[in-house]
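Colleague: Protein sequence lines correspond, in order, to chains A and B.
Be aware that the first sequence starts at 1, since it is given in the working numbering, and climbs by one per residue.
Be aware that the second sequence starts at 1, since it is given in the working numbering, and climbs by one per residue.
Fair warning: there could be bad hints in the mix.
As the list claims (entries may be wrong) - Only pairs whose alpha carbons sit at most 30 Å apart, straight line, appear in this in silico BS3-like list of lysine-lysine: (1) A/Lys24 with A/Lys2; (2) B/Lys160 with B/Lys212; (3) B/Lys73 with A/Lys2; (4) B/Lys117 with A/Lys2; (5) A/Lys24 with B/Lys212; (6) B/Lys203 with B/Lys278; (7) B/Lys66 with B/Lys257; (8) B/Lys138 with B/Lys66; (9) A/Lys2 with B/Lys129; (10) A/Lys24 with B/Lys117; (11) B/Lys203 with B/Lys160; (12) A/Lys60 with B/Lys129; (13) B/Lys129 with B/Lys140; (14) B/Lys197 with B/Lys212; (15) B/Lys197 with B/Lys159; (16) B/Lys117 with A/Lys60; (17) A/Lys2 with B/Lys212; (18) A/Lys60 with B/Lys203; (19) B/Lys135 with B/Lys73; (20) B/Lys158 with B/Lys278; (21) B/Lys257 with B/Lys158; (22) A/Lys24 with A/Lys60; (23) A/Lys60 with A/Lys2; (24) B/Lys129 with A/Lys24; (25) B/Lys278 with B/Lys197; (26) B/Lys117 with B/Lys129.
To be clear, the hints were calculated from the coordinates, so they are not data collected in a lab.
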Amino acid sequence: MKPEDYSRRQQELGGWQVTIETYKLGDVYHCTIANVDPGARFARADGPTREEAERVAIEKATEGDASPCTDA
Amino acid sequence: MPATLPSVLVTTEWVAQHATDAGVRVVEVDVDTTAYDQGHVPGAAGWNWTTELCDTVVRDIVPPNKLEQLLGKTGIDNDTTIVLYGDNNNWFAAWAFWQLKIYGHDDVRIMDGGRKKWLAEGRDLSTDKASFPSKTYKAKSPDTSLRAFLPEVQEAMKKKAAALVDVRSPQEFTGEILSPPGLPETCQRGGHIPGAKSIPWGKNCNDDGTFKSFDELRALYSAQGISGDQPVIAYCRIGERSSLTWFALKHLLGFQKVKNYDGSWTEWGNLVGAPVEK
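Bound-form chain A, shown alone (with noise of 0.2 Å):
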């Protein structure tokens, strides 16, 4: 399968500047929240439209319920 309706964005939430990544395989967007220059923070969620999974993924990432995540 090859990944469809690829998306790489950057924003800020909570002060942080984060990258907001999503595709589509298969039938369900797969979206991830990374704080890529500090590094360490990730939130990511699935859903079946692009709107859906980035909703819940920035929801977690707002809620400091970003998982799995590192300290590194």
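Given chain A, work out where chain B should sit, using these hints.
Modeller: Structure of chain B alone, referenced to chain A:
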């Protein structure tokens, strides 16, 4: 990169062509340990850094017997070309690379750009969990020239015997924060090791996740007085971010004496009486 350096980077196109070649094993290692299941390079294995690339009892890197088992069940022997890649600009791919070099694996490389570039290029993904015929792997004695422990770092700070490179974010370096938001506080004091230079790990990479060129990396580090003339010790919080910087200094710039201090700030920042600069 200089032609004299060994080729430790492969392109996404090379991986697309050679991922399932005999003698080649592609392995994904992500910060986000669920990413592999959501699509990976066809034929790639997936390693979990939280359980498979560390000692889960004592704070330490993976023990040799555990590494031997992991590599064996991944169908890797001592002659296999291991190609690592992962998310977050190959952050944990570099962590795995560093450990494989400590245990003496000869041919290990990183897919430049990692998972980000592979996805952005719209290349094939598989959700099948790959399985491999087992092989026998024998780890070599740990190469301690690649790893710094606390006493050496303390000595380096006192005598300026090595350049210390702090690869964390500027806010962590100054002590403004103890860690990026959303992470557990794992140190008692913020700041940095006295004398350390702040060169965040992300500066090693381009926007597409690939490593910067030899000239760009050389300029980045020489601007901070890091030229390879003296030993270098890189650190972060627990040693993963700094393994990427270690990789860039050791294998892309070709510096001879570079160590990763994996005790990092979670050791130094918790140490009673340790000097701290802000």
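Colleague: Against each hint, give a clear statement of whether it holds in the structure.
Modeller: Okay, the hints, checked on the actual structure:
1. A/Lys24 with A/Lys2: holds (9 Å)
2. B/Lys160 with B/Lys212: holds (28 Å)
3. B/Lys73 with A/Lys2: Distance ~28 Å between B/Lys73 and A/Lys2 Cα, so the pair holds.
4. B/Lys117 with A/Lys2: The given pair, whose Cα atoms are some 13 Å apart, holds under the 30 Å limit.
5. A/Lys24 with B/Lys212: At roughly 29 Å apart (the allowed maximum being 30 Å), B/Lys212 and A/Lys24 satisfy the hint.
6. B/Lys203 with B/Lys278: Since the Cα atoms of B/Lys203 and B/Lys278 sit roughly 21 Å apart, the hinted pair holds (cutoff 30 Å).
7. B/Lys66 with B/Lys257: Since the Cα atoms of B/Lys66 and B/Lys257 sit roughly 27 Å apart, the hinted pair holds (cutoff 30 Å).
8. B/Lys138 with B/Lys66: holds (11 Å)
9. A/Lys2 with B/Lys129: holds (17 Å)
10. A/Lys24 with B/Lys117: holds (16 Å)
11. B/Lys203 with B/Lys160: At roughly 24 Å apart (the allowed maximum being 30 Å), B/Lys160 and B/Lys203 satisfy the hint.
12. A/Lys60 with B/Lys129: holds (27 Å)
13. B/Lys129 with B/Lys140: holds (29 Å)
14. B/Lys197 with B/Lys212: holds (19 Å)
15. B/Lys197 with B/Lys159: Between B/Lys197 and B/Lys159 the Cα gap is close to 16 Å, so the pair holds against 30 Å.
16. B/Lys117 with A/Lys60: holds (25 Å)
17. A/Lys2 with B/Lys212: Distance of about 27 Å is within 30 Å: holds.
18. A/Lys60 with B/Lys203: holds (27 Å)
19. B/Lys135 with B/Lys73: holds (7 Å)
20. B/Lys158 with B/Lys278: OK: B/Lys158 and B/Lys278 at ~17 Å, within 30 Å.
21. B/Lys257 with B/Lys158: holds (18 Å)
22. A/Lys24 with A/Lys60: holds (20 Å)
23. A/Lys60 with A/Lys2: holds (27 Å)
24. B/Lys129 with A/Lys24: holds (19 Å)
25. B/Lys278 with B/Lys197: The hint holds at about 12 Å.
26. B/Lys117 with B/Lys129: holds (21 Å)
The structure agrees with every numbered hint stated previously.
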